[in-house]
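Going line by line, the protein sequences match chains D and Y.
Here the first sequence stands for residues 1 to 308, where the numbers follow full-length UniProt numbering.
Here the second sequence stands for residues 1 to 209, where the numbers follow full-length UniProt numbering.
These aren't lab readings, by the way, just hints derived from the structure by calculation.
Among these hints, one or two may not hold up.
[Said to hold, decoys possible] With a straight-line cut-off of 25 Å between C-alpha atoms, the simulated SDA-like cross-links for lysine to any residue are:
(1) D:K211 - D:S200
(2) D:K35 - Y:D104
(3) D:K23 - D:G152
(4) D:K64 - Y:L34
(5) D:K34 - Y:L34
[To be verified] Okay, the calculated bits of chain D under chain Y, using three or more residues with CB under 8 Å as the criterion:
(6) 128–139
(7) 209–219
(8) 288–302
[As the list claims (entries may be wrong)] In silico negatives: residues of chain Y with every beta carbon more than 10 Å from chain D:
(9) A15
(10) M80
(11) P162
Note that CB positions come from ideal geometry on N, CA and C, so glycine has one too.
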Amino acid sequence: MRHLLSAGDLTLDEATLVLDTAKELAQVGGRSVKKLPTLRGRTVVNLFYEDSTRTRISFEAAAKRMSADVINFSAKGSSVSKGESLKDTALTLQAMGADGVVIRHSASGAAHRLAEWVDGAVVNAGDGTHEHPTQALLDAYTIRERMGRLDGLRVAVVGDIRHSRVARSNVLLLNTLGAEVTLVAPPTLLPVSVRTWPCSVSYDLDEVLPKSDVVMMLRVQAERMNAAFFPTAREYSRRYGLDGDRFARMPDHAIVMHPGPMIRGMEISAEVADSPRSTIVEQVANGVSVRMAVLYLLLSGSGSGTGN
Amino acid sequence: MHARKHADDGSQSRAVLEGPEIDRALTRIAHEVLERTKGGADITLLGIRTGGVPLARRLAERIEQVENRSIPWGALDITMYRDDLRLAPARAVGRTEIPAEGVDGRVVVLVDDVLFSGRTVRAALDALNDLGRPRAVQLAVLVDRGHRELPIRADYVGKNLPTSVRENVTVRLQELDGHDAVLIGPARPRAGRAPEETATGGTGTEADR
């Protein structure tokens with residue numbers, strides 16, 4: 001594992017190693033000195049071409065807890081607004097000696113291209129509608145912490161699958177980890193390629209809910225929509241939103257997840273989002289541990305990958 | 001390349017300490033700890049992963065038998081504090097378990113199986129520093145094989161074992177390997193420096209390289 005570009009690149013052993021490492025590193029968050037010297041002298045660049053709150057702060061906190069030097073780069077206020085290409089920006093980072101680059105970009109595949117241009121490890125922090133592997137890892141971590149296992153769990157991913165990089169990464173990773181994933185969305189919000197994904201598909205949330213151990217709600221990504229994918233927000237919410245009534249029909253042990261940012265009242269009601277069976281805040285906390293684990297495994301060693 | 005698996009299992013290694021001798025050494029160390037700390041009122045034993053952990057537990061049990069009260073003990077993982085992380089692929093991280101009393105104001109006795117270069121102990125001191133501020137830190141080891149590379153010494157030693165740098169010291173413990181023994185043998189070829197602690201079954205193989 002030299003880069004983390006796709007959740008599908010991880011084998012079961014690698015994914016489990018990341019989750020196990022994250023569990024040990026989570027202890028650091030509870031100590032008075034929330035810092036490890038492990039990545040001292042290493043430089044991590046956060047290259048964010050797209051807006052992000054959670055992911056950027058989470059990567060920054062993770063790198064800092066491991067004592068790496070962090071350089072934050074956002075497209076606004078940089079030479080990108082003067083027309084610099086991704087490749088030239090990459091070469092600049094290369095010349096500055098970045099050991100790791102965390103990239104968020106609106107174009108699918110940007111992280112893969114970047115990995116060809118720089119020597120350091122590249123971590124995909126979301127590329128367009130393609131992938132967001134660290135989100136999938138933190139979701140898997142959260143599920144494992146709450147449910148005790150992943151193997152054999154039934155996970156429903158509900159909402160705007162078509163524009164969601166989180167959905168694709170989660171399907172790939174959860175499948176590797178042995179969970180059964182069902183995607184639930186209106187036909188217009190499913191990607192064309194969905195039949196090649198290792199999961200099943202349903203259009204009916206009410207049918208899937210009682211059979212799910214984990215329900216992951218996704219935001220409707222209006223900013224990526226260039227056409228009308230459903231008649232009205234109200235109609236979408238009635239058919240695919242998780243409200244109190246639907247929540248009551250879920251199994252008692254089932255949990256509700258959301259990668260954020262969430263639109264209360266649209267895909268999830270406030271009452272569900274704030275319930276003790278919702279893991280939304282935990283997911284954010286776990287994100288730091290999981291990203292620490294990823295940075296540790298990619299950057300701490302001799303660079304020849306992970307050992308056992 | 002021939003993998004001579006049996007080499008590590010004793011055909012070329014010889015045992016320098018057997019089960020009963022290890023027992024006696026630990027009992028002696030337990031008494032020395034009590035003597036030196038004047039009854040061990042606020043001691044905490046911390047075993048350095050992996051070999052030191054069962055030893056810390058055994059020492060705690062022995063002290064408990066003598067003093068008739070419970071002695072807090074735990075485990076310290078020093079992976080993130082090693083000075084050679086860049087020389088090998090990323091290592092799996094172990095669990096640090098600190099007893100509820102914490103380490104602030106306590107007399108912490110670090111416990112390890114083999115004291116060699118002293119680099120593990122250096123890392124353990126750094127790790128401890130991030131966990132709190134002990135009143136004092138002491139070091140107990142089952143075997144001191146010499147060849148220190150840092151100004152570090154043990155307060156309690158089970159056995160001083162003069163070795164050549166080229167030799168290989170392996171500590172086998174009941175809890176991890178099924179039997180107790182300290183073996184000394186010729187150096188294993190270490191091309192590429194495989195992660196040594198788990199390499200060929202022995203747990204405490206020169207834990208502080």
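The hints, checked one at a time:
For the proposed pair K211 (chain D) and S200 (chain D), the alpha carbon gap of about 13 Å is at most 25 Å, so the pair holds. A hinted pair counts as satisfied when its Cα atoms are at most 25 Å apart, and K35 (chain D) with D104 (chain Y) qualifies at roughly 18 Å. For the proposed pair K23 (chain D) and G152 (chain D), the alpha carbon gap of about 21 Å is at most 25 Å, so the pair holds. With a C-alpha separation of about 41 Å, the suggested pair K64 (chain D) and L34 (chain Y) falls outside the 25 Å cut-off, and the hint is violated.
Our distance criterion of 25 Å between C-alpha atoms is broken by K34 (chain D) and L34 (chain Y), whose separation comes to about 34 Å. Given as covered by chain Y, the stretch 128–139 of chain D fails the check, having 0 residues with a CB less than 8 Å from a CB of that chain where 3 are the minimum. Requiring three or more residues with a Cβ within less than 8 Å of a Cβ of chain Y, the coverage given for the stretch 209–219 of chain D is violated, as only 0 such residues are present. Restraint check on the stretch 288–302 of chain D versus chain Y: 6 residues with Cβ-Cβ distances below 8 Å, three needed, restraint holds.
Once the 10 Å rule is applied to beta carbons, A15 (chain Y) is consistent with being away from chain D; the minimum gap is 29 Å. Some Cβ of chain D comes within 10 Å of the Cβ of M80 (chain Y); the nearest lies about 4 Å off, and the non-interface call is violated. Every CB of chain D lies more than 10 Å from the CB of P162 (chain Y), the least distance being 32 Å, so the non-interface label holds.
Hint compliance for this structure: hints 4, 5, 6, 7 and 10 are not met, and every other hint is.
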